[in-house]
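Visitor: Sequence:
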Amino acid sequence: MTCTGCSGAITRVLEKAKPDGKLVTTIGVREFTVDLATQEVIVKGPIPYDDVLAKIKKTGKEVRTYPG
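Residues 22 to 89 (the numbering used here) make up the sequence shown, in order.
These are calculated hints, taken from the structure and not from any lab test.
Owing to the predicted nature of the structure, the values given are computational and were not obtained by experimental measurement.
Careful, some of the hints might be misleading.
As the list claims (entries may be wrong) - When the alpha-carbon atoms are kept at most 16 Å apart in a straight line, the in silico EDC-like pairs for lysine to aspartate or glutamate are as follows: (1) Lys-65 x Glu-36; (2) Lys-37 x Glu-52; (3) Lys-82 x Glu-52; (4) Lys-82 x Glu-61; (5) Lys-39 x Asp-72; (6) Lys-78 x Glu-36; (7) Lys-82 x Asp-56; (8) Lys-39 x Glu-52; (9) Lys-65 x Glu-52; (10) Lys-79 x Glu-36; (11) Lys-76 x Glu-36; (12) Lys-79 x Glu-52; (13) Lys-37 x Asp-72.
What the hints assert, rightly or not - Derived CB-CB ranges, DEER-like: (14) Thr-47 x Cys-24: 30 to 40 Å; (15) Thr-23 x Thr-47: 27 to 37 Å; (16) Thr-54 x Ala-75: 17 to 27 Å.
Think of the CB as a built atom: it goes at the ideal place given N, C-alpha and C, for glycine as much as any other residue.
With the hints as extra help, turn the sequences into a complete structure.
Guide: Right, dumping it as C-alpha cells:
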C-alpha cells in the first residue's frame, strides 16, 4: 500500500463489509483504519479473519499478517 489509490481500494472493500446496521449481531466490519504512512490496516468487528484477508486480497494488494 504505497499510494492513495491503494488505500482507497482497501477502504472501499472494507466499507462494503460493514453490516447494514439493523442487527448488532450481524457479521461484518464494525470499524477500520487504513494508515498509508505505516502501511497498516486495522479491522475490528465480528468477521472471520480469513474473510477480511480475502476481501483485501481481492484488491490485488499484497497482504502480510503479523501475529498479535
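Visitor: Compare the structure with each hint and give your call.
Guide: So, going through the hints one by one against the coordinates:
Of the supplied pair hints, the one linking Lys-65 and Glu-36 holds, its CA atoms being roughly 12 Å apart against a limit of 16 Å. Restraint check for Lys-37 and Glu-52: the C-alpha separation of about 12 Å stays at or below 16 Å, so the hint holds. For the proposed pair Lys-82 and Glu-52, the alpha carbon gap of about 20 Å is over 16 Å, so the pair is violated. Distance hint between Lys-82 and Glu-61 is fulfilled; the C-alpha atoms sit about 12 Å from each other, no more than 16 Å.
About 12 Å separates the Cα atoms of Lys-39 and Asp-72, which keeps this hinted pair within 16 Å; it holds. Under the criterion of a C-alpha separation no larger than 16 Å, the hint pairing Lys-78 with Glu-36 is consistent with the structure, at around 15 Å. Under the criterion of a C-alpha separation no larger than 16 Å, the hint pairing Lys-82 with Asp-56 is consistent with the structure, at around 14 Å. Of the pairs offered as hints, the one joining Lys-39 and Glu-52 holds, with about 8 Å between alpha carbons and a cut-off of 16 Å not exceeded.
Between Lys-65 and Glu-52 the alpha-carbon distance is near 5 Å, which keeps this suggested pair within the 16 Å criterion. With a CA separation close to 14 Å, the supplied pair Lys-79 and Glu-36 stays within the 16 Å bound. This hinted pair checks out: Lys-76 and Glu-36 have alpha carbons roughly 11 Å apart, not beyond 16 Å. The hinted pair formed by Lys-79 and Glu-52 fails the criterion: a straight-line CA distance of about 19 Å is larger than 16 Å.
The straight-line distance between the Cα atoms of Lys-37 and Asp-72 is roughly 12 Å, inside the 16 Å bound, and the hint therefore holds. Checking the proposed 30 to 40 Å range against Thr-47 and Cys-24 shows it holds: the Cβ atoms sit about 32 Å from each other. The given range of 27 to 37 Å is respected by Thr-23 and Thr-47, whose C-beta atoms sit roughly 33 Å from each other. Evaluation of the 17 to 27 Å hint for Thr-54 and Ala-75 yields a pass: the beta carbon distance comes to about 19 Å.
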